[in-house]
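Student: First residue of the sequence shown? That's 37 in the working numbering, and the numbers climb one at a time after it.
It is worth saying that the hints were derived from the structure and are not from the lab.
Backbone N, C-alpha and C fix where the C-beta goes; we use that ideal spot for every residue, glycine too.
Any given hint could turn out to be false.
[To be verified] Using C-beta positions, here's what the derived DEER-type ranges look like: (1) P785 <-> D369: 47 to 53 Å; (2) Q367 <-> P785: 30 to 36 Å; (3) P430 <-> E459: 31 to 37 Å.
[To be verified] With a Cα cut of at most 25 Å, we get these calculated DSS-like pairs of lysine-lysine: (4) K509 <-> K335; (5) K397 <-> K281; (6) K686 <-> K416; (7) K441 <-> K397; (8) K588 <-> K509; (9) K335 <-> K441; (10) K335 <-> K397.
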Amino acid sequence: MYGVVPFLLAGCGLQGEAESHTTVSEARALAQAPLVPSLFSYETTSGATAYAVELPQGEGRASRFARLNGCTEANARRLFRIYADPITPLDESPWKNQLDYPSTLVLSCPDTTASGARVFVESLTLGSSYLEYLQGSGTDAGQPSSFLVIPNRCGELIFHFQVPQRAAQQETSREPPPATGERIYLSCKRDRPVEYSGWELDTAYVRSLGWGGRYVYVLTRGASTVLLDAVDGLPVTDLQWDDAKLAEVQDRLRALFMIPESVPSSWAGELEYQDVAGRPLFDFCVDHCGADFKPAHKKVVDGAISCLQGELGAGESCTYATPFTYEERQQLDGTIRRGAQLPTGELVFPSCGGATETWQKHLGFTHDTAVTSSWLGQLKAAYGTGTPSSPSTPQLALPCLQEQKTCRIDLSQVILDGIDLSEIELSRELERAIRARQCASGPEALEVVLGPEAILSDAPFRVDASTLPSSLKTLRLGGEAGARTALLVSEPRCGTGATPCTAAVPAIQVEGDLEVELRYLDMRPIPPTTPVASRPALARVAVRARGGTGQKLMLRLRDADIGDVTRAYPFYAGVDIAGGSLVLYNSDVLAFTSAVEAEQGTVSIVSWPQTGQLKLVSLAHANPSSGILIDLDGRSLSGTVDRFRALTLKPGAQAFIGGATLQGPVGILWSGIPRPGGEDALWSKRTTFSKGLPSTSTLFRTEATMLRVRTAGRLVFDAASVSNFAYVVRCPAQASGEQALVQFVVPQPMTDIRYLTASPGACQVQAPWLGAP
37 MYGVVPFLLA GCGLQGEAES HTTVSEARAL AQAPLVPSLF SYETTSGATA YAVELPQGEG
97 RASRFARLNG CTEANARRLF RIYADPITPL DESPWKNQLD YPSTLVLSCP DTTASGARVF
157 VESLTLGSSY LEYLQGSGTD AGQPSSFLVI PNRCGELIFH FQVPQRAAQQ ETSREPPPAT
217 GERIYLSCKR DRPVEYSGWE LDTAYVRSLG WGGRYVYVLT RGASTVLLDA VDGLPVTDLQ
277 WDDAKLAEVQ DRLRALFMIP ESVPSSWAGE LEYQDVAGRP LFDFCVDHCG ADFKPAHKKV
337 VDGAISCLQG ELGAGESCTY ATPFTYEERQ QLDGTIRRGA QLPTGELVFP SCGGATETWQ
397 KHLGFTHDTA VTSSWLGQLK AAYGTGTPSS PSTPQLALPC LQEQKTCRID LSQVILDGID
457 LSEIELSREL ERAIRARQCA SGPEALEVVL GPEAILSDAP FRVDASTLPS SLKTLRLGGE
517 AGARTALLVS EPRCGTGATP CTAAVPAIQV EGDLEVELRY LDMRPIPPTT PVASRPALAR
577 VAVRARGGTG QKLMLRLRDA DIGDVTRAYP FYAGVDIAGG SLVLYNSDVL AFTSAVEAEQ
637 GTVSIVSWPQ TGQLKLVSLA HANPSSGILI DLDGRSLSGT VDRFRALTLK PGAQAFIGGA
697 TLQGPVGILW SGIPRPGGED ALWSKRTTFS KGLPSTSTLF RTEATMLRVR TAGRLVFDAA
757 SVSNFAYVVR CPAQASGEQA LVQFVVPQPM TDIRYLTASP GACQVQAPWL GAP
């Protein structure tokens with residue numbers, strides 16, 4: 037006889053109640069039904085606040101009631117995903133007199149389930165897990181067991197009851213549960229976990245301003261505070277004398293900032309003018325944000341109000357000739373920094389994805405398109421010469437006015453088999469989440485969380501913009517900060533499945549103009565159980581991405597590594613992108629042939645801090661020798677050094693490299709085109725280049741090249757460290773058109789180099805060591 041399983045049950049079912057049984061298919065249907073639990077609070081005899089929950093059982097079944105012993109409000113909300121709904125006093129519910137009924141369940145925090153309870157698990161996100169319990173201490177041993185039915189999508193309940201750990205210890209956990217025995221259905225709410233934006237709206241009085249003082253609205257979110265002096269041209273001070281108008285303006289502000297009724301607006305107290313000195317007092321628009329909106333933003337100087345721009349006019353308007361503008365600057369991690377320089381310091385606008393309601397709109401700031409610095413120039417400025425220093429002027433960094441409308445799909449709730457991305461169809465998973473009310477319709481961003489480990493057994497995981505909602509602009513895939521995901525990639529199957537693939541098949545394939553971020557992810561190739569004879573690498577390109585007609589694809593790898601550090605069986609190729617932007621930020625790519633290849637777009641490869649030294653590695657094999665130099669068709673690659681390149685830049689590509697290490701028989705293969713106006717096509721800072729093989733290795737001993745140039749372009753290497761190559765630069769013998777210009781600025785010592793240049797006819801090389809032996 038088991039002790040109390042997930043619930044410390046005094047009894048399970050009303051006396052005389054007919055026993056009912058449910059099939060697996062019925063249970064799965066119930067798991068997908070909108071069963072929403074309700075939380076209640078009550079006072080114990082000791083005066084403490086305790087909690088209880090009503091658990092709907094589905095159509096035709098009476099709800100069950102459970103006490104939550106030892107559970108705090110945070111515990112209760114988390115377990116049942118009830119994050120924002122009010123908690124009803126138990127005295128106001130039909131359950132008020134049933135705390136001690138025999139049929140009342142008792143759930144404990146932490147869980148006190150018996151270790152020997154049987155568990156049966158459907159390894160599907162929308163399936164259920166069955167956890168055994170017996171009907172109280174007085175139940176005869178011969179009676180059938182009863183089961184708690186926990187939807188797998190309710191991850192907090194699943195892990196509270198340690199279902200994965202129990203299942204791993206029981207060989208029968210994959211079998212169907214017994215057909216007999218009562219079922220008690222648990223459930224969790226399916227609305228988005230965050231239903232409240234976090235903003236609060238209060239009113240304060242600033243003393244010693246004007247005729248004694250003035251009122252302001254105080255918007256706070258976390259540690260951020262924003263002061264509003266006027267709304268839609270109406271001073272907050274004037275609103276205090278018109279209750280109807282005051283209520284109307286506050287309602288519109290609360291609606292815009294998504295502040296629920298459960299978070300009331302209140303009085304924030306009095307402030308001295310010194311408390312607001314140096315802070316902007318904004319003129320904020322809610323409904324009147326058209327082109328004719330001319331905001332009267334103000335500041336406090338020596339206890340007096342003045343305009344941030346222009347002169348103070350009648351009715352506290354501000355007269356100025358030029359509008360308020362902000363600049364956009366490219367950042368090293370691929371994001372855009374939006375900022376405006378004001379007399380009070382720098383105003384930094386947040387990046388909130390595709391959110392339609394922005395601070396820029398409601399404060400009357402327009403984008404200054406006159407900024408002449410190019411993409412590459414902005415990255416040079418951002419990289420600087422060392423560790424970022426503190427800003428010299430004060431900053432007001434605003435949080436998002438409204439967050440991007442994000443849908444989160446947590447695939448880590450697949451219990452036993454783990455996640456196989458080959459079997460995941462993204463559009464179908466998103467449709468299920470919306471239908472199940474886990475996500476709102478029309479999402480702007482999609483987060484797919486994989487958990488500790490996932491596999492890709494065969495077909496590529498496809499991200500195709502044409503199959504996703506038009507509202508969706510951003511996809512984030514992988515683990516979470518502090519909880520990386522290992523994605524184990526297997527050999528693909530071609531033809532009937534027995535035929536080895538003779539071309540590299542993508543593991544992740546991206547198509548269309550989306551922003552796709554792979555983060556906290558380790559993609560590792562898994563050798564086949566029956567290795568293909570003489571094949572040195574997995575027939576995979578780890579990530580292949582192709583932009584749409586607008587060429588607005590953004591592929592970002594942030595703390596996402598490709599390749600196994602043991603190099604036992606590498607990917608055939610790493611990242612291949614065309615028609616979009618690629619950002620590698622603190623992310624290594626190890627491959628057999630080409631580590632990174634780009635065409636028609638920008639490439640940013642950055643280690644930060646600068647001592648990080650991310651790696652792009654070609655010929656990343658544990659046992660490099662002439663015997664492994666074959667392609668997927670079995671043809672020899674011994675005489676083709678250009679097939680083994682760390683970075684390949686094709687026509688239309690422009691690249692920035694900061695603090696990276698590039699290893700391979702060819703460090704960079706350049707076959708791009710010159711940039712307009714003679715701009716740098718490639719700029720590298722503090723980059724280390726090496727063949728990546730022991731100096732005693734004879735592989736490509738007379739061919740290995742740091743920079744292989746095929747076409748014209750301006751290529752700049754600042755503080756480059758080069759070692760173990762036959763050549764530093766190789767160029768065509770004759771230029772068919774414009775020469776390539778290769779510049780080495782402040783070069784570091786070069787070691788184990790046989791020749792500095794070869795066939796420089798198509799290149800002009802500028803370097804302090806030019807002409808040295």
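Student: Can you list which hints this structure breaks, lowest number first?
Tutor: When the structure is compared with the hints, numbers 1, 3, 4, 9 turn out to be violated.
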